[in-house]
Amino acid sequence: MKLTLKIWRQKNTNDKGAFKTYDIDGVSPDMSFLEMIDVLNEQLIEKDEDPVHFDHDCREGICGMCSMYINGEPHGPLKGVTTCQLHMRSFSDGETITIEPWRAKAFPVVKDLAVDRSAFDRVIQAGGYVSVNTGGTPDANEIPIPKSVADEAFDAATCIGCGACVAACKNASAMLFVSAKISQLSMLPQGQVEKSERAEKMVAQMDAEGFGACTNTGACSAECPKGIDLKNIARMNREYLGSKMGSSN
Amino acid sequence: MKLESKIPEGPLAEKWTNHKFNVKLVNPANKRKYDIIVVGTGLAGASAAASLAELGYNVKSFCFQDSPRRAHSIAAQGGINAAKNYQNDGDSVFRLFYDTIKGGDYRSREGNVYRLAEVSVNIIDQCVAQGVPFAREYGGLLANRSFGGAQVSRTFYARGQTGQQLLLGAYSALSRQVANGKVKLYPRHEMLDLVTIDGKAKGIVTRNLITGEIESHSAHAVVLASGGYGNVFYLSTNAMGSNATAAWRAHKKGAFMANPCYTQIHPTCIPVSGDHQSKLTLMSESLRNDGRVWVPKTKELAEKVRKGEIKPRDIDEADRDYYLERKYPAFGNLVPRDVASRNAKYVCDEGRGVNDTGKAVFLDFRDAIKRDGRDTIEGKYGNLFDMYKQITGDNPYETPMKIYPAVHYTMGGLWVDYNLMTNVPGLYATGESNFSDHGANRLGASALMQGLADGYFVIPYTIGNYLAGEKYEKTPVDHEAFKAAEKTVKDNIDKLLSIKGSKSVDHFHKELGKIMWEYCGMSRTAEGLTRAKGMVKELRDEFWKNVKVLGSNEEFNSSLEKASRVADFLELGELMIDDALHREESCGGHFREEHQTEEGEAKRNDEDFAYVAAWEFKDLDIAEELHKEELNFENVKLTQRSYK
Ligand SMILES: Cc1cc2nc3c(=O)[nH]c(=O)nc-3n(C[C@H](O)[C@H](O)[C@H](O)COP(=O)(O)OP(=O)(O)OC[C@H]3O[C@@H](n4cnc5c(N)ncnc54)[C@H](O)[C@@H]3O)c2cc1C
Ligand code: SF4
Ligand code: FES
Numbered sequence: 001m002k003l004t005l006k007i008w009r010q011k012n013t014n015d016k017g018a019f020k021t022y023d024i025d026g027v028s029p030d031m032s033f034l035e036m037i038d039v040l041n042e043q044l045i046e047k048d049e050d051p052v053h054f055d056h057d058c059r060e061g062i063c064g065m066c067s068m069y070i071n072g073e074p075h076g077p078l079k080g081v082t083t084c085q086l087h088m089r090s091f092s093d094g095e096t097i098t099i100e101p102w103r104a105k106a107f108p109v110v111k112d113l114a115v116d117r118s119a120f121d122r123v124i125q126a127g128g129y130v131s132v133n134t135g136g137t138p139d140a141n142e143i144p145i146p147k148s149v150a151d152e153a154f155d156a157a158t159c160i161g162c163g164a165c166v167a168a169c170k171n172a173s174a175m176l177f178v179s180a181k182i183s184q185l186s187m188l189p190q191g192q193v194e195k196s197e198r199a200e201k202m203v204a205q206m207d208a209e210g211f212g213a214c215t216n217t218g219a220c221s222a223e224c225p226k227g228i229d230l231k232n233i234a235r236m237n238r239e240y241l242g243s244k245m246g247s248s249n
Numbered sequence: 001m002k003l004e005s006k007i008p009e010g011p012l013a014e015k016w017t018n019h020k021f022n023v024k025l026v027n028p029a030n031k032r033k034y035d036i037i038v039v040g041t042g043l044a045g046a047s048a049a050a051s052l053a054e055l056g057y058n059v060k061s062f063c064f065q066d067s068p069r070r071a072h073s074i075a076a077q078g079g080i081n082a083a084k085n086y087q088n089d090g091d092s093v094f095r096l097f098y099d100t101i102k103g104g105d106y107r108s109r110e111g112n113v114y115r116l117a118e119v120s121v122n123i124i125d126q127c128v129a130q131g132v133p134f135a136r137e138y139g140g141l142l143a144n145r146s147f148g149g150a151q152v153s154r155t156f157y158a159r160g161q162t163g164q165q166l167l168l169g170a171y172s173a174l175s176r177q178v179a180n181g182k183v184k185l186y187p188r189h190e191m192l193d194l195v196t197i198d199g200k201a202k203g204i205v206t207r208n209l210i211t212g213e214i215e216s217h218s219a220h221a222v223v224l225a226s227g228g229y230g231n232v233f234y235l236s237t238n239a240m241g242s243n244a245t246a247a248w249r250a251h252k253k254g255a256f257m258a259n260p261c262y263t264q265i266h267p268t269c270i271p272v273s274g275d276h277q278s279k280l281t282l283m284s285e286s287l288r289n290d291g292r293v294w295v296p297k298t299k300e301l302a303e304k305v306r307k308g309e310i311k312p313r314d315i316d317e318a319d320r321d322y323y324l325e326r327k328y329p330a331f332g333n334l335v336p337r338d339v340a341s342r343n344a345k346y347v348c349d350e351g352r353g354v355n356d357t358g359k360a361v362f363l364d365f366r367d368a369i370k371r372d373g374r375d376t377i378e379g380k381y382g383n384l385f386d387m388y389k390q391i392t393g394d395n396p397y398e399t400p401m402k403i404y405p406a407v408h409y410t411m412g413g414l415w416v417d418y419n420l421m422t423n424v425p426g427l428y429a430t431g432e433s434n435f436s437d438h439g440a441n442r443l444g445a446s447a448l449m450q451g452l453a454d455g456y457f458v459i460p461y462t463i464g465n466y467l468a469g470e471k472y473e474k475t476p477v478d479h480e481a482f483k484a485a486e487k488t489v490k491d492n493i494d495k496l497l498s499i500k501g502s503k504s505v506d507h508f509h510k511e512l513g514k515i516m517w518e519y520c521g522m523s524r525t526a527e528g529l530t531r532a533k534g535m536v537k538e539l540r541d542e543f544w545k546n547v548k549v550l551g552s553n554e555e556f557n558s559s560l561e562k563a564s565r566v567a568d569f570l571e572l573g574e575l576m577i578d579d580a581l582h583r584e585e586s587c588g589g590h591f592r593e594e595h596q597t598e599e600g601e602a603k604r605n606d607e608d609f610a611y612v613a614a615w616e617f618k619d620l621d622i623a624e625e626l627h628k629e630e631l632n633f634e635n636v637k638l639t640q641r642s643y644k
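For the record, the sequence lines run as chains R and W.
The end of the first sequence is residue 249 by UniProt numbering, with every number in the run present.
The end of the second sequence is residue 644 by UniProt numbering, with every number in the run present.
Treat the hints with caution; some may be incorrect.
Part of the chain R face toward chain W, derived, beta carbon under 8 Å [stated by the list, open to error]: (1) GLU42; (2) ALA126; (3) GLY128; (4) ASN141; (5) ALA234.
Under the rule of at most 25 Å between Cα atoms (straight-line distance), these lysine-lysine pairs were calculated in the DSS-like manner [claimed, not checked]: (6) LYS490/W with LYS503/W; (7) LYS545/W with LYS252/W; (8) LYS11/R with LYS503/W; (9) LYS47/R with LYS6/W; (10) LYS327/W with LYS307/W; (11) LYS11/R with LYS6/W; (12) LYS487/W with LYS548/W; (13) LYS6/W with LYS311/W; (14) LYS15/W with LYS79/R; (15) LYS20/R with LYS548/W; (16) LYS345/W with LYS311/W; (17) LYS389/W with LYS2/R; (18) LYS311/W with LYS11/R.
I should point out that these hints are in silico values taken from the structure, not numbers from a laboratory.
Remember, it's a predicted structure, so these values are computed and weren't measured experimentally.
Beta carbons: idealized from backbone N, C-alpha and C, even for Gly.
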């Protein structure tokens, strides 16, 4: 296959950045999208040009590191897959593909297609955990958890922290990401003890990081590679309102 | 120098309890006076950093990814073992210990492995308390499955994403300590040197991967949890960034490397599809419970399959060779990983491989679908089938899968004693980066167990024993040892940038991978290894003359990152070859063709090789010195594995 690639190039956070166009030949349909970029990069290096920088590690859809905005969609045209799981057979010969980084105030571009998502880490640090130390925990089977509850908590827990939800949202809201963690922990008995406080703190941090407001368009969930459900947002709002009513202000 | 394993005296089952009582303690009020560096945020690193911070130590935590949550552990699929015996099927700490020692082909320490089995039960309690959503039965209790041919069901799992859920649990504990101010995170930082003063580990030198800044970090102890070195083979199931640099640079500063030739090759991976291939994807081992492995009986027929002249489903039963079932009637398709892998290689070497490259065998679900119905098979393996289809474009319900072995795990690593301390005082190694518990072969679902055992339940006890004897004062980072290490790091980077050769870093990495795979992979010979040694050395020389690394140090520079890692792989590769060459026996993942039984199975030599080979770095191009730690077996009887 022969393709034309329009790729966002930006030297560093302070650089203005611009699209650059590249032609690439000999792309096999069996290549993954990132392997296609690898091939481009080898060609760029050959010509003494700086290769395109992008984040990636596992290349099997689980680490959440890859993050490309392809033809106007986070992680490209296929549903339920990350950029690294996308294969070139999803594109056709002669096509022009536009590739950009996630765009959101809270995710500044680091270089080219790589962005800084440490805001997500700080939201988790604000309360995305159960406050238990190592050791001294009860036997794992002491508290039975209905299978349906465990399964639902698991569904929320599969979020890979990629940030596609933020990239997909016109307000760059992080509600889907934040609500997935809050839901997972508030559904499980282990997490219920701190649920109100947790929701309050995580939401406060989310706002402090500069993520936008949620207007319920559902673009986040539609583009989420792990299919994180919108009902997590509803659940989070419940926890959050609960916490507000319970607290002293 | 004599290697002291420091295994406590006393009966096997009491060693760890006695040891915990005998180790020196640091008074709770004094723990805050000690700083600990933890390199790595995978299961081993995140669990250690969180637990040490909870105890009161000040921790600095490093990883090269943009967030600690993305460490390679996230990709583990199948599950984690623990001797809970929730299924009432006869499991026990002793049985898990025994299975691990035997599975490791009697090349690990009894004391360490017993401790691992013992603390395995606490891991599950810990993870559940953190909110890890393990699979459950309808009654609400935890579910288990049997994994990798184990005769009991002791594997805990969270669908096919166990590593993810366990890592997110450890990451949440770590995040809590960041919020408490006890852990400082350094993502996108790569450790490039270990700093030692008077032989003790005192800190590290790192590069900020975004700005290129070279920074020194001082501490009272350093814990390496930097993962395995499978990417020395270029293609493996490891994440793209997994590398040996932290461990290798520590090795060059005096830490011994143990059993580097022990590599695990996983039999069920998606085959290489072309030169562009960047990594290999594991298909869960559980597929072998229902899939049947076969190739055409003749070369000619295989040739037709490769050319697309005949479809696999149209091949008559009589023309198929279910070679595992034929050779190992008792275990059939469920023989251990190394046996399954080697046999796939043999049939492909005979010209009976079934894809374009000739390096693939079939894994066929036709009979299972006929027997159990499509729905049942879909229920068990639906997501794996989808993933396979996504990657290859083939539909496994209609045509057999194609699989081939791939490098998956490295049992070798930094030598550590019972306390997980290397021979460099104050330097510890945990998780896949050490050599400790899996001998010559690791059982499925035991790496996650080991990483978390080390981090949650071993290091928090053993590190105090060392720190209790250390002064509170911290070495200032302007100490000459730090300056010298910074200079080494900078010189190395400058050198890489100054070569301006004509071949990319990936070119060298791929070449190295091909040599290692061909000669130091599934099956090894003295002749091949000797040849490979020369080839790797030549490649290393060529690398330092002709590698092309563009750009500068003072920026996000992916070629520079890779170049510095590949430079280390080139040195490590040679040591792996030396180790494989010296070990004149076959054991676990190390198969020397000269040492096999008449039936072609691995033949151990317990008389001469029941030891850990720990290698000491001298200087480049000078042979490393071998130190032997004899292994003593008092509780198990050494037997030859047989799967006939
Ligand atoms: C596809 C796959 C599936 C698997 N499935 C299972 C399974 O089902 N069950 C099981 O038990 N095991 C499984 N394993 C094995 C298991 O996942 C690994 O052995 C284990 O997760 C390793 O954990 P770790 O903490 O030692 O290292 P890793 O998780 O590899 O973490 C290494 C850490 O070190 C950091 N690091 C490395 N070098 C540096 C440096 N120089 N500077 C700074 N930071 C550095 C990295 O950033 C990372 O944070 C699987 C492995 C693979 C590849
Ligand atoms: S909710 Fe979905 S899109 Fe958002 S970070 Fe998690 S996995 Fe990515
Ligand atoms: S590289 Fe890990 S999810 Fe894409």
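Check: Which of the stated hints cannot be reconciled with the structure, identified by number in ascending sequence?
Finding: 5, 9, 10, 11, 13, 14, 18
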